[in-house]
Amino acid sequence: MLYFASWKRALVVLTCLAGVLFAAPNLFDEQGRASIPSWLPTNAINLGLDLQGGAHLLVTVEVEDVYSERIEQMGGDMRSALRRASVLEFSPPAVDESGVSIRITDPAQVSAALSAVEDLSGSVVDVLVGASTDEFEIIAEGQVLTASLTEAARADILTRTMSQSLEIIRRRIDETGTREPTIQRQGERRILIQVPGAESSKEVLDLIGRTAKLTFHEVVSAVTDPRTRPGAGEMILHSADEGEQGVFYVLERRPTVSGERLVDARLGFDQNGLPAVDFRFDAAGGAAFGKYTQENVGNRFAIVLDGEVISAPRIITAILGGAGQITGSFNTESATTLAILLRSGALPAEIKVLEERTVGPVLGADSIAAGKAAAVVAGVAVLVFMVLSYGWFGLLADIALTFNVAMIFGLLSAIGATLTLPGVAGIVLTIGMAVDANVLIFERIREELKRVKKPAQAIETGYDRAFSAIIDANVTTFIVAVILFAMGAGPVRGFSVTLGVGILTSVFTAVLVTRFFIVLWMQAKRPKQIAI
Amino acid sequence: MRLRLVPESTKIAFLKQRRISVGFSALAILASFALLFLQGLNFGIDFRGGSSLSVRVPAGVEIGEIRQVAGGLDLGEVIVQEFGAPTDFMIRIAAQPGDGDNQVKAAQTVAAAVQGAFEGVVLLSTDVVGPAVSGELITASAIAVVLALFAVLVYIWLRFEWQFSVGAIVALAHDVILTLGVFSLTQIEFNLASIAAILTIVGYSLNDTVVVFDRVRENLRKYKKLLLEDLLDLSLNETLSRTLMTSMTTLIALIALYVLGGENIRGFTFAMIWGVVVGTYSSVFIASPALLHFGVKRDWSKQSGDPSKGSGGVQFGSPDAP
Chain A
57 MLYFASWKRA LVVLTCLAGV LFAAPNLFDE QGRASIPSWL PTNAINLGLD LQGGAHLLVT
117 VEVEDVYSER IEQMGGDMRS ALRRASVLEF SPPAVDESGV SIRITDPAQV SAALSAVEDL
177 SGSVVDVLVG ASTDEFEIIA EGQVLTASLT EAARADILTR TMSQSLEIIR RRIDETGTRE
237 PTIQRQGERR ILIQVPGAES SKEVLDLIGR TAKLTFHEVV SAVTDPRTRP GAGEMILHSA
297 DEGEQGVFYV LERRPTVSGE RLVDARLGFD QNGLPAVDFR FDAAGGAAFG KYTQENVGNR
357 FAIVLDGEVI SAPRIITAIL GGAGQITGSF NTESATTLAI LLRSGALPAE IKVLEERTVG
417 PVLGADSIAA GKAAAVVAGV AVLVFMVLSY GWFGLLADIA LTFNVAMIFG LLSAIGATLT
477 LPGVAGIVLT IGMAVDANVL IFERIREELK RVKKPAQAIE TGYDRAFSAI IDANVTTFIV
537 AVILFAMGAG PVRGFSVTLG VGILTSVFTA VLVTRFFIVL WMQAKRPKQI AI
Chain B
1046 MRLRLVPEST KIAFLKQRRI SVGFSALAIL ASFALLFLQG LNFGIDFRGG SSLSVRVPAG
1106 VEIGEIRQVA GGLDLGEVIV QEFGAPTDFM IRIAAQPGDG DNQVKAAQTV AAAVQGAFEG
1166 VVLLSTDVVG PAVSGELITA SAIAVVLALF AVLVYIWLRF EWQFSVGAIV ALAHDVILTL
1226 GVFSLTQIEF NLASIAAILT IVGYSLNDTV VVFDRVRENL RKYKKLLLED LLDLSLNETL
1286 SRTLMTSMTT LIALIALYVL GGENIRGFTF AMIWGVVVGT YSSVFIASPA LLHFGVKRDW
1346 SKQSGDPSKG SGGVQFGSPD AP
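Chain order of the listed sequences is A and B.
All letters in the first sequence, in the order written, are residues 57 to 588 by my numbering.
All letters in the second sequence, in the order written, are residues 1046 to 1367 by my numbering.
FYI, nobody ran anything at the bench for these hints, they're computed from the structure.
Treat each hint with caution, since some may be false.
Unchecked claim - Stretch by stretch, here's where chain B covers chain A in the computed footprint (C-beta under 8 Å, at least three residues):
1) 213-225
2) 445-456
3) 529-541
A virtual CB, placed ideally from N, CA and C, is assigned to each residue, including glycine.
Based on the provided sequences and hints, a complete structural model is requested.
Now the structure itself:
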């Protein structure tokens, strides 16, 4: 008689039960899931952005800019240090991507110059060595002093820039109250941002695409000729105010106060009732701003955001108390966005978009409906086909297939996988292929029945003989799924996960679950002969 | 009464017709190469960079009007095509010079123009792929396909013999080339999902081939004196019913997906349907003739014995396998 070890019986029953339990939360909506007792699984499958709608952005952080900023700063520091050490004749600092070099005119002064700048290099912890090393390597070659940014310093800047960028992007997106955004570092200098429910990527890009570096500068003059040459320590920027097209401002390069001193920014309204941004400085910023405005009543100052003058108001009275208002060409939306940006702080470096994919909620809903319809039709069609082909045994295989689908959903929910539209395709394909193992077995049993008349024996040999084909056939497909997962991006990955999970569960159901059912049936009925 | 796709026992001389089938496949492969060479693939933005939008417009808006609006923005080549429904359109914008930010701007410009020109336009989706990413995707995809073929080659070599492995790879290469040929012929967009489709076809076709080979291996042990050609025919006939049954159930599922699954995965499912047909064909008409051509070791008696014994029937290649 057919033998089926009791531990296998237990395994089959427990696995099927677990599959159903873990899959069950997917039948409920969010509220329903909340009422599931906590000792039962409550996780449902996450829907991918292509199904629930949302924006997916892959951006790169321009870390190079931070390197060159640091190198340029070093050039300035070296110049001041040389002056302090009374080395007065030298070429202007030549900056390139590796570092900065200065040529000392008088060869006799080179050693004095070197000792003057040597201490300028800060130190960073080299994570590879675990010890502190120099930020700049400063050497003198002939008459040329060179300070090059070390690898350790670059690594340090990279780490800090990336974690700051992640933090600030997170703050900005959290400010909008979006639920469960994904913000992840990917590779060396990339960040993946996924915002479910965002209706267009523009919303997200408006938030993260801007550095939002805010500074307040003294206005030297307002001009209309962009070729006006600013004096030493000055710069020329264009006005972003819609009412001031073609206006350029010559400003003091050095800001009076910078946006880092802001502690709060909110949407407000100016005296004409137009949208504006109210802001508040911290104590130090408030004091500096108060002092500056007190001394410059009647003059203009410029509010500069990312290299554009957003407004250049005249100081009517001293602004004490550290609060102020930015007016300009705002509407409620842009003022709100700017307030968010200012509150969350400036990004340490510019961000560039590498890839952007957005699915609107309409298409997401369409896709869910289409996926459901396809899955149901495919499932029913395969079930019917199996019964037509194998009769009673087909029905047993169908019950196992139903458990199989439950297990796929259960496993996907348990591992917290994300279901995408290609993922749905993977499941549907698995439904089609899952029966393959059963087909192999049933066809084999048919063959065996021609040779031996005892049903039990035919079933036994059928299962045994089909086993190696099942394993080989599924291992090869599984290899493909693993490679897809490892190499694939987004949509492909979603497909590979469901395909791989589907292979695991379908081999299990075909080899153990259907067999269990058949054994139960055989033991209950003890048929003299079977038709398959 | 049972549904039977093939009679209970068949004795079709598959390998007698191998000149015809191999010749036919050779022609099809040549045609595929010619198509790929002359017409190429219709690469989607995943591989070419650029952006695409899909929009739902109010009924009555003509494709020509959308073309006029989207085309008049000085953004290079802009293609508008219907996308699954008469009110849904896909607008593809050629890659703009410069980095990803410029692609995003182009997509936003087109979206704003279309939304401005017609009342009630719904933006269904946008996809923007910058040049840096599209290059990486091409490399990663090529590596994935090659790696999958190689891994499979090694696995079959371990489980069978090298001749089986080569036979399977010949069949797989056949399927991949013909699938690429169909992509070129139909000019269906070739994107990341297409790569997934090709890899799944590889998996599926292999599945079929391996089942036949498994039976060949078994019969090689059973019938030591049978002519290889007859033995292959016998194995093919014995597995024929299963081959067709599985292809049938898989096709049923795929056709449901193709018809109901929505426009977004239609290209993908089309490729899969084609792949199942080609994969089934190749495991019967290509893989086995290849095996016959390369010949196999007949003496399996030195092996560790019957596959149903031992570690659950899983048996790995003999150490003296070449």
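Original post:
Are at least 3 residues of the region 529-541 of chain A within less than 8 Å of chain B when you compare beta carbons?
Top reply: holds (count 10)
Original post:
With a Cβ-Cβ cutoff of 8 Å, does the region 445-456 of chain A contain at least three residues near chain B?
Top reply: holds (count 3)
Subject >> Annotated coverage of the region 213-225 of chain A by chain B, confirmed only when three residues or more have a Cβ within 8 Å >> reply: violated (count 0)
When held up to the earlier numbered hints, the structure conflicts with hint 1 and nothing else.
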